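Protein chains in written order, with our numbering: chain D, 1221 to 1586; chain L, 1221 to 1586; chain W, 1221 to 1586; chain C, 1221 to 1586.
Keep in mind the hints are simulated off the structure, nothing from the lab.
Treat the numbers as computed from the prediction; the structure is a model and nothing was measured.
We put the beta carbon where it would ideally sit given N, CA and C, even for glycine.
Treat the hints with care, since some could be wrong.
Claimed, not checked - Dumping the calculated BS3-like pairs for lysine-lysine here, alpha-carbon to alpha-carbon at most 30 Å:
(1) C:K1432 <-> C:K1471
(2) D:K1475 <-> L:K1475
(3) D:K1471 <-> D:K1432
(4) W:K1432 <-> W:K1471
(5) L:K1471 <-> D:K1475
(6) W:K1460 <-> W:K1475
(7) C:K1471 <-> C:K1460
(8) C:K1475 <-> C:K1432
(9) W:K1475 <-> C:K1475
(10) D:K1471 <-> L:K1475
(11) L:K1460 <-> L:K1471
(12) C:K1432 <-> C:K1460
(13) W:K1475 <-> C:K1471
(14) L:K1475 <-> L:K1432
(15) D:K1460 <-> D:K1432
(16) W:K1432 <-> W:K1475
(17) C:K1460 <-> C:K1475
(18) C:K1475 <-> W:K1471
Said to hold, decoys possible - Computed far set for chain W versus chain C, every beta-carbon distance over 10 Å:
(19) F1301
(20) R1339
(21) R1533
(22) S1555
(23) G1574
What the hints assert, rightly or not - Some chain D residues near chain L, calculated using beta-carbon distances under 8 Å:
(24) T1295
(25) L1386
(26) T1389
(27) S1392
(28) H1393
(29) R1497
(30) V1499
(31) G1502
(32) V1504
(33) G1507
(34) G1508
There are 4 protein chains.
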Amino acid sequence: MPRTVGICTGGGDAPGLNAVIRAFVKHGVRDHGLQVLGIEDSFNGLFASPPAVRELDLVSCQGLLHRGGTVLGTTNRGDPFAFPMPDGSRPDRAGELARNARALGMEGIVVIGGDGTQRIGLRLMEEHGIKVVGVPKTIDNDLAATDMTFGFQTAVDIATDALDRLHTTAESHDRVMFLEVMGRDAGHIALHCGIAGGADVILLPEIPYDPKRVAAKVAARSSLGRSFTLVVVAEGALPKGCEELPAPERKQRLKRGGGAAAVAMAQLDGLVSAEMRHVILGHVQRGGSPVPADRILATRFGVAAAQLVMQERWGEMVALRNGEVVGVPLTEACSSMHFVDPAGPYVATARAVGVELGAPAPDAAG
Amino acid sequence: MPRTVGICTGGGDAPGLNAVIRAFVKHGVRDHGLQVLGIEDSFNGLFASPPAVRELDLVSCQGLLHRGGTVLGTTNRGDPFAFPMPDGSRPDRAGELARNARALGMEGIVVIGGDGTQRIGLRLMEEHGIKVVGVPKTIDNDLAATDMTFGFQTAVDIATDALDRLHTTAESHDRVMFLEVMGRDAGHIALHCGIAGGADVILLPEIPYDPKRVAAKVAARSSLGRSFTLVVVAEGALPKGCEELPAPERKQRLKRGGGAAAVAMAQLDGLVSAEMRHVILGHVQRGGSPVPADRILATRFGVAAAQLVMQERWGEMVALRNGEVVGVPLTEACSSMHFVDPAGPYVATARAVGVELGAPAPDAAG
Amino acid sequence: MPRTVGICTGGGDAPGLNAVIRAFVKHGVRDHGLQVLGIEDSFNGLFASPPAVRELDLVSCQGLLHRGGTVLGTTNRGDPFAFPMPDGSRPDRAGELARNARALGMEGIVVIGGDGTQRIGLRLMEEHGIKVVGVPKTIDNDLAATDMTFGFQTAVDIATDALDRLHTTAESHDRVMFLEVMGRDAGHIALHCGIAGGADVILLPEIPYDPKRVAAKVAARSSLGRSFTLVVVAEGALPKGCEELPAPERKQRLKRGGGAAAVAMAQLDGLVSAEMRHVILGHVQRGGSPVPADRILATRFGVAAAQLVMQERWGEMVALRNGEVVGVPLTEACSSMHFVDPAGPYVATARAVGVELGAPAPDAAG
Amino acid sequence: MPRTVGICTGGGDAPGLNAVIRAFVKHGVRDHGLQVLGIEDSFNGLFASPPAVRELDLVSCQGLLHRGGTVLGTTNRGDPFAFPMPDGSRPDRAGELARNARALGMEGIVVIGGDGTQRIGLRLMEEHGIKVVGVPKTIDNDLAATDMTFGFQTAVDIATDALDRLHTTAESHDRVMFLEVMGRDAGHIALHCGIAGGADVILLPEIPYDPKRVAAKVAARSSLGRSFTLVVVAEGALPKGCEELPAPERKQRLKRGGGAAAVAMAQLDGLVSAEMRHVILGHVQRGGSPVPADRILATRFGVAAAQLVMQERWGEMVALRNGEVVGVPLTEACSSMHFVDPAGPYVATARAVGVELGAPAPDAAG
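For reference, chain D alone in the conformation it holds in the complex:
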């Protein structure tokens, strides 16, 4: 009798989810005889009655490698521990989930998702005995447990392409052009696309910016005959003075201001004489076919997840460490974030080619 496992995708989608599923099924089914049940819409497919699951065989994986999104569907509202009913009661969804998983013969579940989703998986394991193997997913590449996550490089690609396009229009019109990219807490996408696209200014959540420095950069370029400026803004970037605010207030501040780019433009109002314009890339960044590097990483993760399952290494998450894909404890995986290091190599590279980060270099600040 084949061993049976479930697989689900949680949180925001990222290019490469389908490639993970495909690799897991290909390796698990073909080489190890697993039976794989795809769970729909994060964990929700296991609350539904009847449960919304379907078998994933080799045929169902055809064409998945190139395809964006997730064929399993996903949702940000899939926490079985979280939702009260309209009448205030809290049905025991986690228990129902566990009962359904067992009734379907699932030995465990492969959970592809970000830190929130992994935390749910961990709790299901601890409180309800549901065995899980994790696969990290965050387009922002902000998990400390793994050196890289799939989807990130595709997002950088899309953002850089947008920056390349804004370059020519900014130059033609002598404008200060702002591109707001994803990155609520960590500015990796902004930093990478900014270096790759030749941004003049990069504003990150990790480095509160001084609008005067940004304005000085615009002026300095102008004095060199470059009458346009490209500014990349991560969606969580805020000016100096907000760094002590608690997260919800920062978020509120950004929302009220129309997003990080609009806030930055407002900060520069009066300091800069050129026309300013902004574009918010938004959901475009997480869709479409993954770039080759993400397809490869996702494939490696899917294969490694199948191997963890075969070795019954439940409670571990796959992760990239120094070029190798390994298993790490899920507890560790959920515990810390990976932020842009203001003194790290990418920020230093940006500064070295003349990018203004809105604050002096750390060693120059003292």
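Chain D is fixed; fit chains L, W and C onto it per the hints.
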């Protein structure tokens, strides 16, 4: 002694402007011995003292074919008839422009721009004796005088790519996803990218939409098991009831509402239960390297402009008519716009593959 | 009882085939209640026993718009009139096909294919009473009956992208770089990608070339300090002196020489001192997702084919004429090819920006 | 008085060369006051009389980040130690080079190139006292001294795009389709694009292949109803039995056979009944704008090279090691190649998703 002509680019930039300049210079200089003076920032280079013009020779055209934007620079504030000074006086900029053009030995000027820019050219010719040849430019493809303008197909390409990306993320999250694309008065970009990208709903300035029809489409899809919907919105689209408003009020309505996509989402609020999200593509649509079809059309226009100059057919504009590039009177060129025909072939094609336009087909309405 | 029609794709694949199928099914099934049977591998699915056909409903069309190739499969060996058996006998395949089509209740067949496939369709109609509606397909855009075919613009896009890439490497290495693109009889792809990609030389089947003119162009560039040259060669281009050869000998000549680019390089050997390199793009040109313009044209063709079927206009083929999609008699459709006109506007445009075609302009030749 | 250094690019071009130059100049000139002299065509610009060098300042770096190729030019024939004159004499080019470098005030030279070019640099330093700092360049990513080289990921991207395109045409036509990609000695590009593009078979120089295994894979797919097969072939791949041949004979064998893909097709002749077709991507792989990851790596390398120069760490080469850019001794840099490890993680990943490598897994072979 070589004949000398000026060339300038006015209004918003469009992919292909540099390809026009290159073709004009290549044909004019190499084959006809013209001397070409590039005027900076629309007509503004001829107000400046000293005038901001530079000779464009064959070497200066290298690499221009692929390059987005315009090497001459452009501006929306280049009307020599328009600007009062801060003290309310109106300096005779058009006269100054004409004097400078003559002092530089210019026999005439090739004006690459939209209807506004062409109108300025025409007035310069009529009131100041500056001879002009026009090249039409509008990324929206909304000039009646020519069957097609360069830049349009690049914009459709970029918008379709964004729609393809939103497709996978909308599908994964069961969302109603709105993509707002350019098109203040004419919805050609929205209609073309909507057909090409498989949109379920397309909202155009030319067809005031009924939110109930849009909501019914979302519901119908849902009943067929398709729990997501893709909506393309031209930036000038408004719901029924606004069609009689004068243009400034329509514009105001859109601005207050946060743009056409946000207005549409607000209209659907309460009618649709799925999550709704939107993306405004903005300036990304007009930047970057032109697609091959636009490079070819721009090259044809540039060559034809040189031929009009050689034949001293001043007062004409190049235009594509039934596959041929011809010269048409500038007066005609500025007189009418080309809107989406609600009874035309593209709208009919969209309807035939099940796209909801927000209103019944014209023949079905009676 | 619904009317039933078959649909098949024949000859080489082209981007947009699936978009035609999708549009035909969407319009035919949803709006007119047709039952559509997809026939596999050109007409071959109707010889097989049992016949290889499957119903195409709305669900089976999901995702087809963006997808290259054809979900029905195709083959160049699908002529039911052509194939003798190994023992020399000729089974009555066309008769069998007709019997199977009738047994399956097919009122007629929509045939998507090039001139060869359309000719088979016409013969099936004339000799076996199988009603057909045609949809033209040729990536080379060489059918006289229609102003444009889908797939062509995608091929031009891919070839132009390759040319852009070769540009930088040719320039870095001071090489004469040859790109061989599709076009056995008609050089439209070569001409369009050559103009769009800034080729210095374009060699076409329609214009026998003089190697000395090509060498002179290389030398002229060199004397202007441009030490590289980009040459686009259509796969059917041959030097002067071959124009009187019958088609099979031309083909043989090209095959023996290693293809048109290799033949051209051999012709230039001794005339040019720079390093020469070549790339044959081959099948890459016909694969992958269609560009938006091809998706739109294919959608228009699919919708129009459904309308011809509904109106029982059997024996007609859809075609683009002056921007309108119309029906034309199949007999006309198969009767003539559309070649590059050496005196036409695209060749003239190429010459006007300095492209060498390997022969003097027609009016300059007399 | 500013310090003066030369910079040159040698060997085949790779996307990212211009980004290295730009970053070196930006950091060196702006932050450290270097004077940078660009040497044309590898070292050749220093033989010419007068020397072909030009100053690279901040203005000359505008637009370089996105641009493929190298603005300095390059050549495979730039070894000052190698070329005899037609009369057999060997002029002292290296000595001349050293004299010219000194006469121009160059304190040293930054050499961007592969192992061959670096070896020339090392020899210039050892024999002629020319100080050098190296920047590794190989599109094949086959230098052991650095974990990654720029250009590689762009090549993988282009090759994967081609494979995606061939996928749809192979599927439509039931063909075995071969894609030959770069990789004379090391198969990294083939392996990465093969995993990313979903190849069924990958043939590498490092793993001599058994044609019977490849044929068995084709047959196995066919029995599962997949009637097409995608084969990626590195240009140095050969069947079993050639592994003991010396390099020149292997090369000869490939050349005679029409390249690695044609050799593989010939090997499968008679073993496979499906139609076989092949495409050789060739120079297209090394041209065009670098992908973001390559722009970033190239920028890091350029900055690091400037830092090595400032710190007078002559005789070192920049290299990526575990995510950090460091300096390593040039002697080490030139001493060993990085091949695909048949027992390494990428080959294992390929096998795990069912890719046939043409030989059993190492541990399965015993």
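Hints, verified against the model:
no., hint, result
1, C:K1432 <-> C:K1471, "23 Å, holds"
2, D:K1475 <-> L:K1475, "18 Å, holds"
3, D:K1471 <-> D:K1432, "23 Å, holds"
4, W:K1432 <-> W:K1471, "23 Å, holds"
5, L:K1471 <-> D:K1475, "24 Å, holds"
6, W:K1460 <-> W:K1475, "17 Å, holds"
7, C:K1471 <-> C:K1460, "15 Å, holds"
8, C:K1475 <-> C:K1432, "23 Å, holds"
9, W:K1475 <-> C:K1475, "18 Å, holds"
10, D:K1471 <-> L:K1475, "24 Å, holds"
11, L:K1460 <-> L:K1471, "15 Å, holds"
12, C:K1432 <-> C:K1460, "11 Å, holds"
13, W:K1475 <-> C:K1471, "24 Å, holds"
14, L:K1475 <-> L:K1432, "23 Å, holds"
15, D:K1460 <-> D:K1432, "11 Å, holds"
16, W:K1432 <-> W:K1475, "23 Å, holds"
17, C:K1460 <-> C:K1475, "17 Å, holds"
18, C:K1475 <-> W:K1471, "24 Å, holds"
19, F1301, "21 Å, holds"
20, R1339, "20 Å, holds"
21, R1533, "28 Å, holds"
22, S1555, "27 Å, holds"
23, G1574, "22 Å, holds"
24, T1295, "7 Å, holds"
25, L1386, "5 Å, holds"
26, T1389, "4 Å, holds"
27, S1392, "4 Å, holds"
28, H1393, "6 Å, holds"
29, R1497, "6 Å, holds"
30, V1499, "4 Å, holds"
31, G1502, "4 Å, holds"
32, V1504, "5 Å, holds"
33, G1507, "3 Å, holds"
34, G1508, "4 Å, holds"
Of the numbered hints listed earlier, not one is contradicted by the structure.
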